Amino acid sequence: LVRFRGVRDVYKRPAYTHHQVDIRDRDELNRIFRRYGKNIAVVIHTAAQPSHDWAVRDPYTDFDINAGGTLNVLQNTREHCIDAPFIHCSTNKVYGDHPNRLPLVELPTRWEIEPGHPYENGITEDMPIDSCLHSIFGASKVAADVMVQEYGRYFGMKTVCFRGGTLTGPAHSATELHGFLAYVMRCNMERRTYKIFGYKGKMVRDAIHSHDVVTAFEAFFRNPRSAVVYNLGGGRHSNCSHLEAFALAEQITGQEMITEYQERTRIGDHQWWIGSNEAFQRDYPEWKQVYDVPMILREIYEANVDRWVPKR
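Under our numbering, the first residue of the sequence shown carries the number 93, and numbering increases by one thereafter.
Any given hint could be a false lead.
[Said to hold, decoys possible] Here are the simulated SDA-like cross-link-like pairs (lysine to any residue), alpha carbons at most 20 Å apart as the crow flies:
1) K287 / E348
2) K130 / D189
3) K130 / Y103
4) K292 / E348
5) K403 / T285
6) K292 / T351
7) K287 / G271
8) K130 / C173
9) K292 / H172
[As the list claims (entries may be wrong)] If you anchor each label on the Cβ, the simulated ranges turn out as follows:
10) P106 / D175: 35 to 43 Å
11) I124 / P220: 33 to 41 Å
12) R317 / P402: 45 to 53 Å
13) P402 / R127: 22 to 30 Å
Please keep in mind that the hints were generated in silico from the structure rather than gathered at the bench.
All of these numbers come straight from a predicted model, not from anything done at the bench.
Ideal Cβ placement from N, Cα and C applies to all residues, glycine included.
With the hints as extra help, turn the sequences into a complete structure.
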């Protein structure tokens, strides 16, 4: 496995050409797509505005980026390289707060779904996306998700929406409210206070390493389909609650977490999310998940120890 050591390393590779472009800039996108045309083998669209709170403050820009920007990339793909598979990084937030209506039981360190429930092995793509609270960010991502599907069906393009949970890795921006596992580790290492928002700290997230995400992208690229949608996350293989993540971080560093609890939950925040990768694994049985949460946290620690451990 080749570890990602920063964007600058990629810039240095002879086969790589970088274009610093805003996906809202239709003219510049058109220029790039027109230049390469049918030589474009695949389009991987991961550009987005990812913050729930920022979207509330500036919904126009959020929608312009997440929905309008996606449309711009889609249309350029259709016009200049229609046979190129189009891989869209969507989100589990398209399901809104439907996961919070699931029957949960409280365990010592986590919330867990009721035994025997159809989603016991993970939430599948049949969960509805209508009649729920999405958050402003989630709504703009729904628009993008549906448009990607529509280009696949209407124009016969090879498109996929990967509805991700927590996508992470050693280069994940460790920021509050966005970079869950990386931020847990950073707070522990830098002796910061980690704020817990409700659910007794027992809310559950699955987490998938960027390596496993990229190998899923590659599997689709090599055998593309039209207008497909897959949940893609840690699943039952890789998940944890906040309390469990704290315990793992403490084991790695030998230091206790510093935490502050707030009873108020964030609007639309999932109390329990474990997605099912079954649909993708059924269509792409060669894809294998490598990383679990302990491996992810350990790698985040090792990659950032020189930056985050205070110098004495």
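For this session: Hints the structure violates: just list their numbers, smallest first.
Result: 2, 3, 9, 10, 13
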